[in-house]
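Visitor: Residues per chain, in single letters:
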Amino acid sequence: MKLFKMALAAVAMVSMIGSAAAQRDFAAIYKECGLGALLFPNDPIIAVVTNVTWDLGTTAVISELSSPETCNGNPALMASLVLDAYPQLEQELAIGEGEYLASMVNLMGCEGVEGQAVSALRVQFADSVAGGTYYDADGFEKAEVLYNAAMSTSNQLCTI
Amino acid sequence: MQSARIFASISFLFFPALLFAQSDSDVLAYQVSQSDQWKKQLYLSDRPKGGPYRPRIQSDDFYFSGTDSIDPFQELLQTRQAVFSNLDQLNNDHPACRFPGRFLFLNAALALDYDTSLLGECSNFQNWARFDRYDSLSVVMVEGYYGNPASSFGHLVLRHGRSDGAQQLLDTSINFGARVPQGEGPIKYILNGLAGGYLASFTAESYYRQDLVYTQVEHRDMWHYELDLDDTQRVFFLAHLWELLDSPSTYYFLKNNCAFAVAEILEIVFERNLVNQNTLFYPPVTLFHELEEIHQQGDLSVIRSKHFVPSQQSVLKSLYVTLSAQQRQVFGRYIGREQQPVQPLLADLEEAEAAEVIESLISFYSYLISGYPELGTELYERRRQLIVARLEYPSGRFLQAAEIEPTTEPGKTARVSRLSMGVSLVDNQPGLALGWVPYSQSATDLGNDDFSELTVLALDGRLQEDALDAKFTLIRVAQRSDLIDRLPGDWPLSWTIDLGWQTAQTGRYRAGGQADIEVGQSVQVGSMLLSALGAFRQSGWESGLGARAELALTTGQRITWIGYADYTFWTSGESVQLGLDSRFSFSPRWSLEAELSSFDRGGAEAELNAQLLLAWHFR
Numbered sequence: 590m591k592l593f594k595m596a597l598a599a600v601a602m603v604s605m606i607g608s609a610a611a612q613r614d615f616a617a618i619y620k621e622c623g624l625g626a627l628l629f630p631n632d633p634i635i636a637v638v639t640n641v642t643w644d645l646g647t648t649a650v651i652s653e654l655s656s657p658e659t660c661n662g663n664p665a666l667m668a669s670l671v672l673d674a675y676p677q678l679e680q681e682l683a684i685g686e687g688e689y690l691a692s693m694v695n696l697m698g699c700e701g702v703e704g705q706a707v708s709a710l711r712v713q714f715a716d717s718v719a720g721g722t723y724y725d726a727d728g729f730e731k732a733e734v735l736y737n738a739a740m741s742t743s744n745q746l747c748t749i
Numbered sequence: 028m029q030s031a032r033i034f035a036s037i038s039f040l041f042f043p044a045l046l047f048a049q050s051d052s053d054v055l056a057y058q059v060s061q062s063d064q065w066k067k068q069l070y071l072s073d074r075p076k077g078g079p080y081r082p083r084i085q086s087d088d089f090y091f092s093g094t095d096s097i098d099p100f101q102e103l104l105q106t107r108q109a110v111f112s113n114l115d116q117l118n119n120d121h122p123a124c125r126f127p128g129r130f131l132f133l134n135a136a137l138a139l140d141y142d143t144s145l146l147g148e149c150s151n152f153q154n155w156a157r158f159d160r161y162d163s164l165s166v167v168m169v170e171g172y173y174g175n176p177a178s179s180f181g182h183l184v185l186r187h188g189r190s191d192g193a194q195q196l197l198d199t200s201i202n203f204g205a206r207v208p209q210g211e212g213p214i215k216y217i218l219n220g221l222a223g224g225y226l227a228s229f230t231a232e233s234y235y236r237q238d239l240v241y242t243q244v245e246h247r248d249m250w251h252y253e254l255d256l257d258d259t260q261r262v263f264f265l266a267h268l269w270e271l272l273d274s275p276s277t278y279y280f281l282k283n284n285c286a287f288a289v290a291e292i293l294e295i296v297f298e299r300n301l302v303n304q305n306t307l308f309y310p311p312v313t314l315f316h317e318l319e320e321i322h323q324q325g326d327l328s329v330i331r332s333k334h335f336v337p338s339q340q341s342v343l344k345s346l347y348v349t350l351s352a353q354q355r356q357v358f359g360r361y362i363g364r365e366q367q368p369v370q371p372l373l374a375d376l377e378e379a380e381a382a383e384v385i386e387s388l389i390s391f392y393s394y395l396i397s398g399y400p401e402l403g404t405e406l407y408e409r410r411r412q413l414i415v416a417r418l419e420y421p422s423g424r425f426l427q428a429a430e431i432e433p434t435t436e437p438g439k440t441a442r443v444s445r446l447s448m449g450v451s452l453v454d455n456q457p458g459l460a461l462g463w464v465p466y467s468q469s470a471t472d473l474g475n476d477d478f479s480e481l482t483v484l485a486l487d488g489r490l491q492e493d494a495l496d497a498k499f500t501l502i503r504v505a506q507r508s509d510l511i512d513r514l515p516g517d518w519p520l521s522w523t524i525d526l527g528w529q530t531a532q533t534g535r536y537r538a539g540g541q542a543d544i545e546v547g548q549s550v551q552v553g554s555m556l557l558s559a560l561g562a563f564r565q566s567g568w569e570s571g572l573g574a575r576a577e578l579a580l581t582t583g584q585r586i587t588w589i590g591y592a593d594y595t596f597w598t599s600g601e602s603v604q605l606g607l608d609s610r611f612s613f614s615p616r617w618s619l620e621a622e623l624s625s626f627d628r629g630g631a632e633a634e635l636n637a638q639l640l641l642a643w644h645f646r
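The listed protein sequences correspond, in order, to chains A and Y. Counting with my numbering, you get residues 590 to 749 for the letters of the first sequence. Counting with my numbering, you get residues 28 to 646 for the letters of the second sequence.
Hints are not guaranteed to be accurate.
What the hints assert, rightly or not - Stretch by stretch, here's where chain A covers chain Y in the computed footprint (C-beta under 8 Å, at least three residues):
#1 440-446
#2 501-513
What the hints assert, rightly or not - Per label pair, the in silico range of CB-to-CB distance:
#3 Y/Leu484 with A/Asp725: 25 to 35 Å
#4 A/Glu688 with Y/Phe596: 52 to 62 Å
#5 Y/Asp375 with A/Asp725: 29 to 39 Å
To be clear, the hints were calculated from the coordinates, so they are not data collected in a lab. No residue lacks a Cβ here, since even glycine has one placed at the ideal position from N, Cα and C.
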C-alpha cells in the first residue's frame, strides 16, 4: 500500500496529494462519522455494501454514529461521499460527467468553474488509476487520495 | 372569545379537569388538548376501557408530564410551561429547540403570538432542516425486493431537498427503521420484526446513501412523490420530525413501519385521515394510494409532482439497446474473453463509437461489482482497465441512454387488500364464491407492468348446494423476467412458488396441502409475455412433474388476460388443464375478475370450471 502512495506522490503535481494534515483529516472524519468500513477495516467496499443493504435497520445505526456535530460541513460530507460512492465517482471521472461527480464538485465549492475543476481532477485521477499499484490499493486508500486531490483542487480553484 | 366563555361556563359540569382551570386560556388549552391534532403529536396508544393513554414513544424526554400514562391536557399545560418559558435564553438545550413543532403548534392553537423567528436561535435544528437551501419534501417509494424478506412489500423514505431537483444526491433523506443489532440473522430478524422485538425511530442521512442502496446495489426502481406543502406546513412537518429523531417506538414490520410512521405525520399536517390505528397491516404502497385518492378528490392538493428514478440495471439496459449491432459485437467479445485489452477490439470503430462501447462496458462492470460482489475481484481490474481506456478520450458522455419507460405510479396501481364475491360453476355445480386476502399484487392487477405476483395468506371459499369448499394460499410468488430485455451473460429466470391447502379437489389440485414450483423463461413480444416453465407439483399425497405454457397480455391498461396450458404427469397418470384468467379494473379499488378452465385427467370426462368475481380492493 505504501508503494501505491509513493507512486502517486511521484506523479502528482504540487496540489495533488495535499498535506499530511489533510490525510489525517480524512481519516478522522471517516472515523468520527462512523462509516461502514470502521467495522470492516480490511474491505471498505464490502463494509459499505453490508451496512446499507439491510435497509430497514442498519441505516439507523449509521446515522446515529454520524451525529450532526461531528459530521457537519462540506469536507465531512465530501469525505463520506467519496468513500461511499467511490466506484460511482471513479466511473464518472472517467467519462467526465455524472450526478455523483457533480455532487462532489458542488461540495468542493466550485460553482462557476465546474468544468475546470472536473478537468483538474480528471488529470490527477488518470495518473493514479493508470499506476501499477492502483489495483492493489484498498478502497479506503483510493478514496483518501481522491479526497485529498479534491481538497487541493478546491483550494486552487474553488472555495470549499 | 364569547364562545370560549360559554364553553367554559358549562364545561365544568362535564370535564373534571377544568375544575382546576383558571382562565379563558386554560379553557382554550383544554379544548386544544382534546383535539386530534394535539393527541396525534403525542403518539398515544388507544385507551382500553376508558383507561389512561399509554405513551408509544419510549424516551425519557419526549413527554413532560410522565412516562407511564399521559393525560393530553396535563401534557399540554406542562409543555406550554416548558416551551414558552425563558425564551430570552433560547439555545439548543431549551425545550423550544427540542420541540419546535410543539412550539409552532401551540403558539398558533393557543393564540400566544410569540415571534416564530425565535426558532432561528436553535442552531442544531436549523442546521438540520436547512431552510435556507431546501424547499421541497418528497415521499419516495422503493419497489419491492425479494433479496430481503423485510423489503418484499417495498420501502418508503422521505427526501428533503430542492424543488428544482438540483444536486438531489446531496439532499437529506429521512428513514424510519428498526434498530437491528449488527449481525442479526434473518429468521430472528423476521420474528422480532413481526412480534415487536425491536425499537424503531426516524434517522436522517444524505440521500445519496439511499440511491446507492436501492438503485445501485439492489437494482430497485423508485418513484418520488413531491408533497404539495406550503411553507407553514413544511416547516411544521420538519419541526415535528425533529422531535421524533432518536425518539424510539416499538417497531412492527406490518404496522408501525416506515409508511405508517410517515402517514401519521402527514395526518397532522394535512388534517386528513391516512391511517386507521386499528389496522393490522400498512404496506408502503398504501400511503401512496391514500395520497393519490385525496389528491384526486380535488378539494386538497397533496401531490405537487412525481418523478421516476430507474435502477442502475434499468439504465444499463437502456444504454445497451442504444449500441449498434457492431458495437454490441465488440461488447460481447470483450466480456466473453478473459483478461484482454479493449483497444484492439475497437480498431474498426470511429472514435465516438469506441468511446460509447467503453462507457457501456464500464457501466456493465460497475453493475456486476455493485450488485454481485461475489463474482470476484477480477472484475475490478477489468473495470480499471476500461476506465484507463476511457480517460484517453475527451471528457463528456458519448453514450446517451434511451428513454426508460417508467413503471406505473404506485398510487395508481391496484390496492393490495381485497374482498371478492361472485358466482362459480365447478364441474357443472353452481355456487357462491367468496375471497379475502390481506396482501395481493396479482398478475392481472391494475398497474402490474411485468405480470409478477406476490400473494400472502389468501382465503377463497366456494359455497355449493351441499358443501363449503375452501382454499388457503400461504404464499404465492411469481416472477416473470423478459429473456430478450436482458444484459449480456444474463439469463433471467421466470419462476413461481405457490404453497397452500384446500379442502376439496378442484382442477389439478386434490384435497390437502399443495405446492407448485415452476421455473422457466419468458419472452416479451409487443405487449404480450410468453412463458414456458417446467413444474414440480405436490397435491395432497400425490407428486407430479409437468410443464406450463402461459400467455399474458394487457389491453387498454385496464384489462389483463392470462391464458395457460398445464400438463402434469402425476404418479397416478397424466392431466391437462387449460385456462383463461382475466380482470377488468375499473379503478385501484374495484375490479371484475373472470376465470375459466377445463381439466382433463386420464381420459375421464373433462371438468369445466368458471368463476366471476367482483373485487373490492380496500387497502
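Visitor: Tell me the numbers of any earlier hints that the structure contravenes, in ascending order.
Guide: 1, 2, 3
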